[in-house]
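Novice: As given, the protein sequences belong to chains A and B, one line each in that order.
If you count by numbering that gives the first Met the number 0, then the first sequence holds residues 0 to 451, one letter each, in order.
If you count by numbering that gives the first Met the number 0, then the second sequence holds residues 0 to 451, one letter each, in order.
Honestly, the hints are just simulated from the structure, not real lab data.
Some hints could be false.
Just so you know, same-sequence chains aren't split out, so a pair can sit in one copy or run between any two.
Said to hold, decoys possible - Below, a list of computed lysine-lysine pairs in the PhoX-like style, where the Cα atoms sit at most 25 Å apart:
1. Lys334 with Lys91
2. Lys56 with Lys371
3. Lys383 with Lys67
4. Lys252 with Lys383
5. Lys334 with Lys231
6. Lys412 with Lys214
7. Lys173 with Lys214
8. Lys371 with Lys334
9. Lys91 with Lys214
10. Lys252 with Lys334
11. Lys231 with Lys85
12. Lys56 with Lys252
13. Lys85 with Lys186
14. Lys412 with Lys383
15. Lys91 with Lys56
16. Lys412 with Lys371
2 protein chains.
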Amino acid sequence: MRIIVIGGVAAGAKAAAKARRADPNNEIIIYQDEAEVSYSACGLPYVISGVIDNERKVVIRQPEDFAKDGIQVLIRHRVIEIDTIKQQINVKNLQTNTDTVVAYDRLILATGARPIVPAIEGITLEGVLTLRNITDLARFKTLLTAIQPIQAVIIGAGYIGLELAESFHELNIKTTIVEKAVRILPKFDPEMAQPVHDHLLENQVELMLGDGLAKLHGDNGRVTAVETESGKILAADLVVVAIGVRPNVELAKIAGIELGPTGAIAVDSRMETRTPGIFAAGDCCESVNRITGAPIWMPLGDIANLQGRVAGENAAGGNAHFPGVFGTAIFKTFKLTVAITGLSEQVAQESGFDPISIVMAGSDRARYYPGKQGFSLKLIASRKDGRLLGAQVIGQGSADKMIDIIATALLGKLTCYDLENADLAYSPPFSPVLSPIIVAAGILNSQLTQLV
Amino acid sequence: MRIIVIGGVAAGAKAAAKARRADPNNEIIIYQDEAEVSYSACGLPYVISGVIDNERKVVIRQPEDFAKDGIQVLIRHRVIEIDTIKQQINVKNLQTNTDTVVAYDRLILATGARPIVPAIEGITLEGVLTLRNITDLARFKTLLTAIQPIQAVIIGAGYIGLELAESFHELNIKTTIVEKAVRILPKFDPEMAQPVHDHLLENQVELMLGDGLAKLHGDNGRVTAVETESGKILAADLVVVAIGVRPNVELAKIAGIELGPTGAIAVDSRMETRTPGIFAAGDCCESVNRITGAPIWMPLGDIANLQGRVAGENAAGGNAHFPGVFGTAIFKTFKLTVAITGLSEQVAQESGFDPISIVMAGSDRARYYPGKQGFSLKLIASRKDGRLLGAQVIGQGSADKMIDIIATALLGKLTCYDLENADLAYSPPFSPVLSPIIVAAGILNSQLTQLV
């Protein structure tokens with residue numbers, strides 16, 4: 000049996016590896032249009048800042064490594080057509096510009112996502128970049144070396160924008176973030192986004208909120224300024240467009256493979272598309288939100304790996320299931336960890352829940368133990384039955400631990416009462432005697448009890 | 000109503016505070032035989048090492064702080080008798096040596112635990128210490144100042160012994176640990192205890208295993224050497240007896256309050272003893288192991304706080320429940336975090352489970368992200384249904400996070416399959432793309448699937 004994987008970054012690389020382990024007898028081919036496969040796109044902001052000192056480090060596996068496992072990797076090959084009836088694809092070799100038709104028995108779509116780039120005046124000027132893949136990284140590195148920018152404008156205050164703001168700070172590039180929404184971090188509740196807002200200002204990042212990109216000014220083909228929708232002109236020798244991504248679904252759509260309500264490829268829990276024998280995984284396809292049951296699009300590296308594993312196993316004849324996501328996400332900007340899992344209070348309301356919530360300060364060690372670091376924790380539960388709905392943590396120290404505990408609590412469909420009685424690990428170097436999570440769950444639980 | 004609390008360190012202090020919040024109208028009195036209440040016994044090793052630079056820092060609240068909340072604290076008062084029929088106690092004022100009889104409506108026993116000290120020759124010599132409470136700390140500080148010890152022997156390789164080995168290393172005191180068992184950390188599976196063993200040796204701690212304390216030699220009333228059961232003589236100017244603790248239950252026992260099979264006070268999930276109106280919390284009472292359902296004695300500070308909260312609320316007329324424990328514990332020795340939750344593989348077998356397990360290396364960041372730290376993770380599940388039974392983590396980095404995720408998974412009665420599909424927070428500074436927990440759960444799950 001021949002399994003063809005389109006795309007080899009995260010989901011595709013994982014799917015191929017898993018398919019190989021599931022059955023050593025199949026022929027497995029990865030087609031990848033870039034020059035690299037199996038790299039960590041999430042590591043790119045840290046290559047730009049220099050925190051990761053060698054860009055080769057974010058490349059996890061080479062085509063030769065796959066070859067050793069009996070997986071053929073064809074880089075700089077773009078799949079330009081899928082014929083789902085004949086079960087074959089048309090592949091263009093980007094080096095020779097020749098097309099080849101290749102038959103498949105099972106197909107795995109791992110075509111990823113790409114940045115949204117508005118078709119505005121000046122968008123093609125030199126110095127206007129996106130940061131999504133390793134090809135973008137090369138452009139960044141070239142530009143940084145060639146012009147040593149001093150003034151950057153980042154369009155979009157999402158996680159890529161905020162990670163890059165830190166990277167640019169490290170490089171002594173003065174940075175302004177332009178964001179169309181009136182606040183940063185729209186997936187977070189306002190009171191949790193505020194300390195991040197303040198922290199950016201403390202680190203000399205300028206924020207221009209409620210304003211969008213109108214056009215770009217240039218000189219000699221190179222960008223010189225951003226003009227916003229409100230008419231402000233911001234001088235810039237580096238502009239990053241980071242207003243979001245959209246799934247790469249054109250190939251699938253033209254082939255008649257069904258898309259879901261989010262615009263990404265629809266899949267079942269086996270990661271199979273509505274076209275039998277064709278699977279999808281990673282940023283090109285949907286997930287299910289395990290709290291609301293609604294389709295959700297979560298283009299994140301870890302989800303891509305989890306989905307790739309399932310798609311690969313099933314393409315090889317297995318029967319694995321991916322049950323969906325809780326919307327967990329985390330990133331770092333300057334000294335702050337910014338993390339979320341489950342539903343925000345606002346989304347909980349929009350989803351028909353009647354949420355209660357608590358925001359409290361927490362710390363990662365006993366109060367008397369030196370070097371402790373603090374964070375703000377928001378915990379959200381359903382008033383009806385006390386079931387936990389989500390959490391947000393902003394700060395330092397064990398912020399990531401807090402989110403993972405709640406993410407696991409969501410997995411177990413736990414209530415405030417359950418979590419209030421969690422048996423978490425305590426010793427002064429690792430936690431206050433009662434974890435902030437236990438304290439927060441206890442406060443919510445006593446609110447519920449009083450309501451009864 | 001008058002609520003009397005016997006003991007005011009962790010469980011007692013918490014119970015009193017909770018009882019006060021639950022009902023502001025009761026009279027609440029704490030009797031405490033030491034000169035301090037409300038301190039963190041878990042912080043004491045770090046006061047000795049100097050990591051905590053001021054011993055007052057481990058005292059959380061003063062009697063005056065309780066007084067402000069309307070809780071009367073009588074320090075240096077020892078309760079010497081409980082009359083459960085007349086509902087009164089006999090209290091000795093240790094300063095005046097006078098006894099008083101005081102009536103109660105509700106009684107909370109928070110009498111804690113004390114170190115096991117064998118009645119051997121030389122045990123009362125100066126320089127022979129235990130470390131359990133703040134009175135012990137004062138003795139330690141006096142001794143350290145007076146004689147500046149150069150050679151210590153710690154009897155017992157439990158967590159207090161291993162924490163103190165680190166403290167002594169900080170103080171340049173050469174240390175030998177004598178342990179009767181043939182290995183350290185008997186609650187951990189052997190392969191997980193081994194790296195801790197090796198780490199102690201690397202830090203110049205000598206280990207003498209399979210040998211016990213026979214007697215102590217002295218000169219002029221001061222200890223000079225330890226003689227082991229095998230006849231070895233170890234020179235020592237400081238000896239710490241840390242072979243374990245036992246619950247302080249004599250007062251309860253004489254009063255006819257029932258003890259459980261572990262030897263600690265039996266309580267129901269409301270933390271009420273078998274004598275109605277009398278509650279118990281903390282190191283003097285039992286818990287239930289939530290996996291096996293068996294009584295278990297877990298004398299730990301966080302459990303004391305959780306139990307105290309429930310005992311206090313119920314003494315004030317509430318109806319809170321403490322559902323039990325999973326056996327979670329953590330401590331630090333030198334650079335290693337040593338943590339466990341749930342059942343070890345050995346205990347799982349003894350409890351009638353048919354366990355499967357995986358031991359794997361994990362790390363706390365993406366492989367290319369600088370400063371990452373590693374640990375060894377053991378995950379244990381039931382072969383029958385894949386339900387998680389426990390985990391052990393030894394190492395650095397996010398070892399504590401790993402244990403808390405598993406502790407929460409145990410709370411949700413999750414299986415390997417569930418955990419393999421956890422939506423944990425990933426970004427390169429915080430985790431590999433797939434958490435070591437997801438990888439470990441996946442390996443166990445595939446073992447189970449192959450068995451089907």
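Novice: A separate judgement is required for each hint: does it hold in the structure or not?
Specialist: Going through the hints against the structure:
Neither within a single protomer nor between protomers do Lys334 and Lys91 lie at most 25 Å apart by alpha-carbon distance, with minima of 45 Å and 54 Å respectively. For a Cα distance limit of 25 Å, the shortest separation of Lys56 from Lys371 across copies, 14 Å, qualifies, whereas the shortest one inside one copy, 32 Å, does not. Neither within a single protomer nor between protomers do Lys383 and Lys67 lie at most 25 Å apart by alpha-carbon distance, with minima of 55 Å and 36 Å respectively. Taking the shortest Cα distances, Lys252 and Lys383 never come within 25 Å of each other, neither inside one copy (42 Å) nor across copies (44 Å).
In this assembly of identical chains, the alpha carbons of Lys334 and Lys231 never lie at most 25 Å apart, being 30 Å within a copy and 54 Å across copies at closest. In this assembly of identical chains, Lys412 and Lys214 lie within 25 Å of each other by CA distance neither inside one copy nor across copies; the values are 48 Å within and 55 Å between. Taking identical chains as interchangeable, the C-alpha atoms of Lys173 and Lys214 lie at most 25 Å apart only when both belong to the same chain, with a minimum of 20 Å there against 71 Å between chains. For a Cα distance limit of 25 Å, the shortest separation of Lys371 from Lys334 qualifies both inside one copy, at 14 Å, and across copies, at 17 Å.
Proximity of Lys91 to Lys214 under the C-alpha cut-off of 25 Å is found in neither arrangement, the shortest distances being 34 Å within a copy and 84 Å between copies. For a Cα distance limit of 25 Å, the shortest separation of Lys252 from Lys334 qualifies neither inside one copy, at 42 Å, nor across copies, at 54 Å. With identical chains, the CA atoms of Lys231 and Lys85 are never at most 25 Å apart, being 55 Å at best within one copy and 83 Å at best between copies. For a Cα distance limit of 25 Å, the shortest separation of Lys56 from Lys252 qualifies neither inside one copy, at 35 Å, nor across copies, at 65 Å.
Taking identical chains as interchangeable, the C-alpha atoms of Lys85 and Lys186 are never at most 25 Å apart, the minima being 43 Å within one chain and 61 Å between chains. For a Cα distance limit of 25 Å, the shortest separation of Lys412 from Lys383 qualifies both inside one copy, at 14 Å, and across copies, at 23 Å. When the C-alpha separation of Lys91 and Lys56 is checked against a cutoff of 25 Å, the pair qualifies neither within a copy, at 29 Å, nor between copies, at 69 Å. Taking the closest pair of Cα atoms, Lys412 and Lys371 never come within 25 Å of each other, the shortest separation being 31 Å inside a single copy and 32 Å across copies.
In this structure, the earlier hints numbered 1, 3, 4, 5, 6, 9, 10, 11, 12, 13, 15 and 16 are contradicted, and the remaining ones agree with it.
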